[in-house]
Amino acid sequence: MRAKPIKIAATAAVLVVAFGGLLYSTLREGTEYYKHVDEVMADPAAWQGKRLQLHGFVVDDSIFVKPSTLEYRFKIQSNGKIVPARYTGVVPDTFKSGSEVVLKGRLGPDGFAVDPNGVMAKCPSKYEAGPAATKS
Amino acid sequence: MPALGTFLLLSTFVVCAYAVAASVAGARRRSERLIESGIGALYLIAALMTVASALMIHAFVTDNYAIKYVQRYSDSAQPLAYKIASYWGGLDGSIMFWVFLLSVFGSTAVKVNREKHRELIPWVVSVIAATEMFFIFLMVVHNNPFSTFLTPPPTDGRGLNPLLQNFYMAIHPPSLYTGFVAMTIPFAFGIAALATGHLDDAWLRAVRRWTMIGWLFLSFGLTLGMLWAYEELGWGGFWGWDPVENAGLLPWFTATAFLHSVMVQERRGMLRVWNVTLVILTFFLTIFGTFMTRSGVVQSVHAFGEDRELALLFTIFMVAILTTSFGLVIYRLPLLRGRHELDSWVSREAAFLVNNWILLFSAFFVLFATMFPTLSEALRGERLTVGPTFFNTWMLPIGLILLLLTGIGPLLAWRKSTIANLLQQFLWPSTGALTAIVALLAFGVRVWSSGICFALSAFVFVTIAQEFVRGARVRQRATGTDILTAMIGLVARSKRRYGGYIVHLGIVLIFLGFAGQGFKQEEQVVLKPAQQVTVGHFTVRHDGLAVTSDNQKQMITGHVSVFKDGKSLGVLEPARWFFNKHEDQPTTEVAIRRSGAEDVYVVLAGYDVASQSATYAITVNPLVNWIWIGFGVMAIGTGIALLPDIAFSFAIARIPSTATTSLLLLLLVFPAGLRAQHAENPQEVLTVPKSALERDLQKEIICMCGTCGRKRIGECTCARAARMREEVSTLVADGKSREDVYQYYIAKYGSQEPLASPINKGFNRLAWLFPYVLGTSGAVAVAFAAIRWSHRQVESPSTSVSVGINPELQARLDDELRDLD
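Those protein sequence lines, which keep their order, are chains A and B.
With the numbering used here, the residue at position 15 of the first sequence is 15, and numbering never jumps.
With the numbering used here, the residue at position 66 of the second sequence is 66, and numbering never jumps.
A portion of the hints provided could be inaccurate.
[As the list claims (entries may be wrong)] Facing chain A, according to a computed beta carbon distance under 10 Å, are these residues of chain B, among others:
id: 1; residue: LEU384
id: 2; residue: VAL386
id: 3; residue: VAL525
id: 4; residue: THR615
[Unchecked claim] Straight-line Cα separation of at most 30 Å, DSS-like style, residue types lysine-lysine; simulated pairs:
id: 5; chain 1: B; residue 1: LYS520; chain 2: A; residue 2: LYS66
id: 6; chain 1: A; residue 1: LYS75; chain 2: A; residue 2: LYS96
id: 7; chain 1: A; residue 1: LYS75; chain 2: A; residue 2: LYS104
id: 8; chain 1: A; residue 1: LYS75; chain 2: B; residue 2: LYS528
id: 9; chain 1: A; residue 1: LYS81; chain 2: A; residue 2: LYS96
id: 10; chain 1: B; residue 1: LYS699; chain 2: A; residue 2: LYS81
id: 11; chain 1: A; residue 1: LYS96; chain 2: B; residue 2: LYS699
id: 12; chain 1: A; residue 1: LYS75; chain 2: A; residue 2: LYS50
id: 13; chain 1: A; residue 1: LYS96; chain 2: A; residue 2: LYS66
id: 14; chain 1: A; residue 1: LYS96; chain 2: B; residue 2: LYS528
id: 15; chain 1: B; residue 1: LYS699; chain 2: A; residue 2: LYS104
id: 16; chain 1: B; residue 1: LYS416; chain 2: A; residue 2: LYS4
It should be emphasised that the hints constitute simulated quantities derived from the structure, not laboratory data.
Don't be surprised by glycine CBs; every beta carbon is placed ideally from N, CA and C.
Please construct the entire structure, taking both the sequences and the accompanying hints into account.
Below you can see the structure in the form of structure tokens.
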């Protein structure tokens with residue numbers, strides 16, 4: 001009988017360590033920093049290559065689309081700091097000059113490369129009217 | 001009318017308080033009359049809430065815009081059904097709807113169980129009434145759905161968010177709520193059992209059925225949510241690990257775990273602490289889910305309402321739940337000791353145990369990952385987010401292990417499986433899985449993870465088939481009927497067991513749907529007329545654009561022909577709709593061609609009318625429909641398990657009578673054919689506050705345009721609010737303090753009217769304190785009454801559970817009795 005608590009404790013310890021380790025390693029790959037443009041552009045070199053969710057506003061009249069393709073080039077800013085971005089794919093309806101967006105991707109030397117489907121337009125009141133369990 | 005509504009809510013609060021006090025006192029004094037009056041009060045609560053709900057619906061139907069809540073979520077043009085659905089469209093109403101459901105469920109549960117579980121009932125009544133008290137308190141002091149405009153009311157409402165004006169959305173929230181609320185009943189019984197010390201298995205029998213009903217509605221709600229996301233939102237998927245979705249999933253995990261582990265306790269008298277814990281956790285998670293999505297602690301791309309006061313009230317309630325419940329568990333630990341130890345790891349109870357750990361782990365993992373951004377911000381000051389990829393890396397293997405256990409569990413014997421019966425049991429299922437693997441390899445299907453999922457599905461499927469066939473054979477031999485009759489008789493004989501297997505079958509189908517996502521193909525293209533693109537087996541040709549309009553909207557419709565292997569499958573018409581008055585918010589109308597094997601899912605992402613070219617996002621979604629069908633099967637299985645014995649006594653040789661209902665349900669869940677869906681992506685950009693003060697002020701100052709119902713300028717979308725936001729911004733930029741800004745507005749409008757709440761100072765402070773004083777004194781009064789009324793008889797209420805003559809003998813007797821089942 002004495003051995004039982006020890007056994008349980010040992011099993012629990014092994015499980016916790018194993019899962020903790022796994023969690024830690026996957027978290028390192030899976031996490032993205034959630035940053036505003038000005039925070040990142042204060043020290044761009046430090047953020048290059050890291051996975052980011054970049055929060056900012058589309059600079060007015062900065063959106064260019066290559067005709068008959070889905071290649072976009074645009075700029076986003078927050079508090080005066082601007083970063084160019086490029087993206088290929090379909091943009092949300094709300095993506096236009098001045099809109100508040102969150103971009104998923106990585107910062108490179110020549111601007112922010114947005115992941116496929118990485119443009120999310122933030123709409124503060126989108127689900128405001130939703131019930132407690134509204135889906136995304 | 002609104003005054004009557006508020007009055008009803010207040011009187012319900014009082015009746016709740018009485019129900020708690022009378023029941024607690026009745027239980028302690030053993031006064032039959034007090035207990036009876038407590039039960040009566042609970043019924044009265046249900047009646048009052050029904051009348052209040054009727055009032056609310058009446059207000060919606062008659063367009064009573066004097067009530068803020070009605071004005072906010074309805075308008076005169078809305079169809080009747082959505083006017084009614086608006087009742088639960090917003091926070092205030094959804095809380096009221098919650099209380100209404102709980103009062104009805106609570107009364108039913110008490111009515112059904114009051115004779116069978118007399119000793120538990122007073123405590124059940126008080127737990128239910130106390131929970132209702134909390135929510136009514138919330139409504140009365142914080143979100144009164146009946147609150148009215150002080151100024152002359154607007155002539156029309158603002159309308160329910162068009163995104164929510166959808167068939168699924170009208171029934172999805174009530175379904176999830178029903179699931180959430182039904183979980184309160186097991187919790188109430190659990191607490192009652194703990195409080196009285198009647199911790200034998202009686203309370204479990206009372207709550208199993210409720211948990212099953214709750215579980216069914218929870219599953220139904222989750223499925224509807226997926227279906228809605230799939231058809232409305234136009235991103236081709238159905239589950240994005242959004243905090244709101246996760247909130248519904250968390251209690252589902254623990255409820256599923258409970259439904260399994262409860263069997264272990266019934267048969268073997270083990271896992272008692274565990275079961276009580278699961279019941280408490282499930283209830284806690286339903287509250288936590290509501291809290292998470294409502295208080296703004298978790299942020300996602302989609303902003304929920306941020307509400308600190310609500311967060312505080314919820315936190316207090318949750319802490320109270322946890323401390324009381326687990327305090328009771330610890331207090332009763334001596335009575336909760338199991339009657340048996342685990343005999344062997346190769347046994348069914350061990351499989352259940354592992355299944356429980358994994359389900360609980362899933363719940364904690366999802367909770368952790370959902371809260372991760374908030375946690376990291378609190379701990380490191382840096383907001384780190386985790387995306388769906390992170391969830392998927394973890395939940396994929398977890399899901400597969402659960403699927404494997406679904407197959408293994410039923411094959412193992414209780415107590416201990418011998419080598420011989422392992423061989424006999426595993427032979428066919430393993431053969432099935434191996435065949436599936438060989439076939440998959442031959443077809444060159446990826447092994448990880450879809451391939452494994454298919455193989456496991458085969459394994460589980462054969463397991464279930466084997467259980468049915470073997471059982472039916474035995475019965476056929478015993479009764480001498482044909483195999484089909486024997487099978488129905490078998491299901492009728494042990495409904496829970498075979499109902500459970502049918503649920504497992506549904507799970508297998510759902511997993512097939514998930515596995516299909518591994519083969520999803522997406523393409524985003526710009527097409528000129530007559531140009532085409534091939535996605536998977538399908539060729540999609542753009543035929544042209546049409547611009548039409550009706551009295552509600554202008555529509556840009558893409559005409560697309562779909563071909564498979566050169567054969568035409570018909571025309572799809574994805575569209576964008578521009579509703580009048582909302583021209584800058586086009587809505588995306590997804591066009592789906594459904595089939596059992598693959599869906600073709602076309603979204604018109606962009607267009608150029610002049611050149612007739614269009615941008616399409618095309619997704620081929622294999623097997624996705626099996627998710628909805630799987631749910632239908634699950635519902636049938638649960639229905640069978642829930643049927644009362646009587647239903648089967650005369651239906652034993654016929655098709656169970658619920659089959660028709662379930663079939664209808666299935667049809668409801670699975671609308672076939674092509675349909676353009678309606679979705680709206682409202683857009684608006686608010687000025688982002690540049691400082692904390694500005695952000696606070698945006699929440700503290702009210703838009704004075706007079707038509708938006710005293711919305712905060714931070715959330716109002718009218719032009720006046722935008723001007724006021726800029727005004728605040730400049731004031732703050734000029735270095736004005738909060739007081740200065742307040743004074744500015746008070747001077748400008750001549751009163752405190754532009755302030756969301758009176759300044760928290762001096763005399764005004766009374767207004768702030770009032771609700772809290774009210775709430776606290778209410779609680780004190782209840783406690784006082786309970787103690788006072790139970791004054792005379794202070795002897796210990798717990799009568800210890802009968803220990804029996806000889807524990808060993810009793811255990812054996814119980815075991816044998818159970819095996820008869």
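> Quick one, are LYS96(A) and LYS528(B) close enough, alpha carbons at most 30 Å?
Replying inline: holds, 24 Å
> Given the hint that LYS96(A) pairs with LYS66(A), does the C-alpha gap stay at or below 30 Å?
Replying inline: holds, 16 Å
> Minimum Cβ distance from LEU384(B) to chain A below 10 Å?
Replying inline: holds, 4 Å
>> Please verify whether LYS699(B) and LYS81(A) have alpha carbons no more than 30 Å apart.
In response: Holds, at roughly 27 Å.
> Close enough to count: is the Cβ of VAL525(B) nearer than 10 Å to one in chain A?
Replying inline: holds, 8 Å
>> For a C-alpha distance cap of 30 Å, please report whether LYS75(A) and LYS528(B) respect it.
In response: holds, 28 Å
> Going straight from one Cα to the other, do LYS75(A) and LYS104(A) come out at no more than 30 Å?
Replying inline: holds, 14 Å
>> Hint VAL386(B) vs chain A: min CB-CB distance below 10 Å?
In response: Status holds, d = 5 Å.
> Is the hinted pair LYS75(A) and LYS50(A) satisfied, with a Cα-Cα distance of at most 30 Å?
Replying inline: Distance of about 19 Å is within 30 Å: holds.
> Has the given pair, LYS81(A) with LYS96(A), been kept, meaning a C-alpha gap of at most 30 Å?
Replying inline: Distance ~18 Å between LYS81(A) and LYS96(A) Cα, so the pair holds.
> Do the alpha carbons of LYS96(A) and LYS699(B) lie within 30 Å of each other, as the hint requires?
Replying inline: holds, 27 Å
>> With the threshold set at 30 Å, check whether the alpha-carbon distance from LYS520(B) to LYS66(A) stays at or below it.
In response: Measuring from Cα to Cα gives roughly 27 Å; hence the hint holds.
The structure shown violates none of the earlier numbered hints.
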